[in-house]
Amino acid sequence: AQTVTQSQPEMSVQEAETVTLSCTYDTSESDYYLFWYKQPPSRQMILVIRQEAYKQQNATENRFSVNFQKAAKSFSLKISDSQLGDAAMYFCAYTTSSYNNDMRFGAGTRLTVKP
Amino acid sequence: DVKVTQSSRYLVKRTGEKVFLECVQDMDHENMFWYRQDPGLGLRLIYFSYDVKMKEKGDIPEGYSVSREKKERFSLILESASTNQTSMYLCASSSEQNYSNQPQHFGDGTRLSIL
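As given, the protein sequences belong to chains A and B, one line each in that order.
So in my numbering, spot 102 of the first sequence is number 102, and the numbers just go up one at a time.
So in my numbering, spot 105 of the second sequence is number 105, and the numbers just go up one at a time.
It cannot be assumed that every hint is accurate.
What the hints assert, rightly or not - Straight line, CA to CA, 16 Å or less: simulated EDC-like cross-link-like pairs of lysine to aspartate or glutamate: (1) B:Lys57 x A:Asp102; (2) B:Lys71 x B:Glu22; (3) A:Lys78 x A:Glu15; (4) B:Lys18 x B:Glu62; (5) B:Lys55 x A:Asp102; (6) A:Lys70 x A:Asp31.
Bear in mind the hints are in silico, worked out from the structure with no lab data behind them.
Based on the sequences and whatever the hints tell you, model everything.
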């Protein structure tokens, strides 16, 4: 079975500091795409960042960056200069090119930001 | 921006009732999805559709059915609601263009309680 594992159910970070959320995945596909989604308390899931597996360069979006280790099947999210608005559930997900955008999600990490 | 609208934020129904959850997207997306979200389990795919009148089973289709009569609308049906279907339900859509690396766009979710 193809799975996504987020080993940290909860994390907390002090405002303005940096936090890293972990994600590992298991797929036999060679071509796939990885995503981090954020779900704030208002509940709408929004895309934070995405990474194509064929790209060696780690994706970056402003304060959000990933550490993609393909051989280890690891895809962690780093949030720099954490803000109160970053508090949310974060989900790691991936999809392969072998089917119609069927996306697999991890169980999520709840991030708390302390003022 | 993509808008995915779910008809209800909160819904309370009784065991045995037939329940309809509606989802509409305004971006002419080919793919639409229904997930349920439970604490500690992340998002699990119930059904998805890649075209009008087309549907595919996800990981947990038992007890559910879907309908896609128009491209913009994807309905989830609980044929005979049971208490173990109490959950948060999320609808999503995505474009088929380079389908496997297009992010999914989510609605606000429907919190369904079956009494």
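Consistency of the hints with the structure:
no.	hint	verdict
1	B:Lys57 x A:Asp102	11 Å, holds
2	B:Lys71 x B:Glu22	13 Å, holds
3	A:Lys78 x A:Glu15	14 Å, holds
4	B:Lys18 x B:Glu62	14 Å, holds
5	B:Lys55 x A:Asp102	12 Å, holds
6	A:Lys70 x A:Asp31	11 Å, holds
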